[in-house]
Amino acid sequence: MATPAFVKRLLRTDAFQWTAAIPSAIYMQIVLWTGRFDRPPFPIPEPYILAMWHGRLIMLPMLRGEGKPLIALISGHRDGQIISKTGSMFGIQTAVGSSSKGGMRAAREMMRLARDGHSLFVTPDGPRGPRMHINNDGILDLARLTGLPILPVAVSLQRGKLLNSWDRLLLPGLFSKIAIRFGEPLIVDAGADRADIGARLSASLTAAQQEADRLVGRVPVEPA
Numbered sequence: 000m001a002t003p004a005f006v007k008r009l010l011r012t013d014a015f016q017w018t019a020a021i022p023s024a025i026y027m028q029i030v031l032w033t034g035r036f037d038r039p040p041f042p043i044p045e046p047y048i049l050a051m052w053h054g055r056l057i058m059l060p061m062l063r064g065e066g067k068p069l070i071a072l073i074s075g076h077r078d079g080q081i082i083s084k085t086g087s088m089f090g091i092q093t094a095v096g097s098s099s100k101g102g103m104r105a106a107r108e109m110m111r112l113a114r115d116g117h118s119l120f121v122t123p124d125g126p127r128g129p130r131m132h133i134n135n136d137g138i139l140d141l142a143r144l145t146g147l148p149i150l151p152v153a154v155s156l157q158r159g160k161l162l163n164s165w166d167r168l169l170l171p172g173l174f175s176k177i178a179i180r181f182g183e184p185l186i187v188d189a190g191a192d193r194a195d196i197g198a199r200l201s202a203s204l205t206a207a208q209q210e211a212d213r214l215v216g217r218v219p220v221e222p223a
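Residues in the sequence shown are numbered consecutively from 0, following numbering that gives the first Met the number 0.
In silico EDC-like cross-links for lysine to aspartate or glutamate, where the CA-CA straight-line distance does not exceed 16 Å:
#	residue 1	residue 2
1	67	45
2	176	37
3	84	13
Please keep in mind that the hints were generated in silico from the structure rather than gathered at the bench.
Generate the whole structure from the sequences, applying the supplied hints.
See below:
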């Protein structure tokens, strides 16, 4: 049955989105307080472009650096706006767009902020997949134009709910062991072999996520 128009309008309102975002942020803060972290230091100094598969997007507050606020590329869809509002309560700023819609406008905003010393965050398989596959060159273009290295990262939790969504979204649980792992930083210069770098980035992201999954005793999620 189709969703009634008035419900769709309600879901798009700021009031509804904040009603969802505030308890989400409170819950995430409790996850952070009760979690037992296995977290190595960031392998390179800020600024950089953090890349993570979409299924672990909710874990973004665990990846804040010590420098200027992280800038995340977030979909303009209502789910993305709830995530954006939740992230804002952890000092994370957002550029609204996606790798396929509104991307040019968001990319210009992110480039401006990168020049000001901010690190960036992108999910290369978002917003609609396929899961754990880089679905276009947006992140490579952003890295080339800003000159920032891409830093692959993954997060996994011992306790949590793995949804049967396209991205196998992981909802975090309380009192959990939390593993964070990084891949090798990648530079995209003007003469770079984009196919090669894209393949290396994809492999690095998947390897980092599956390593983090194994460290917490979780069955690794496979690409679609």
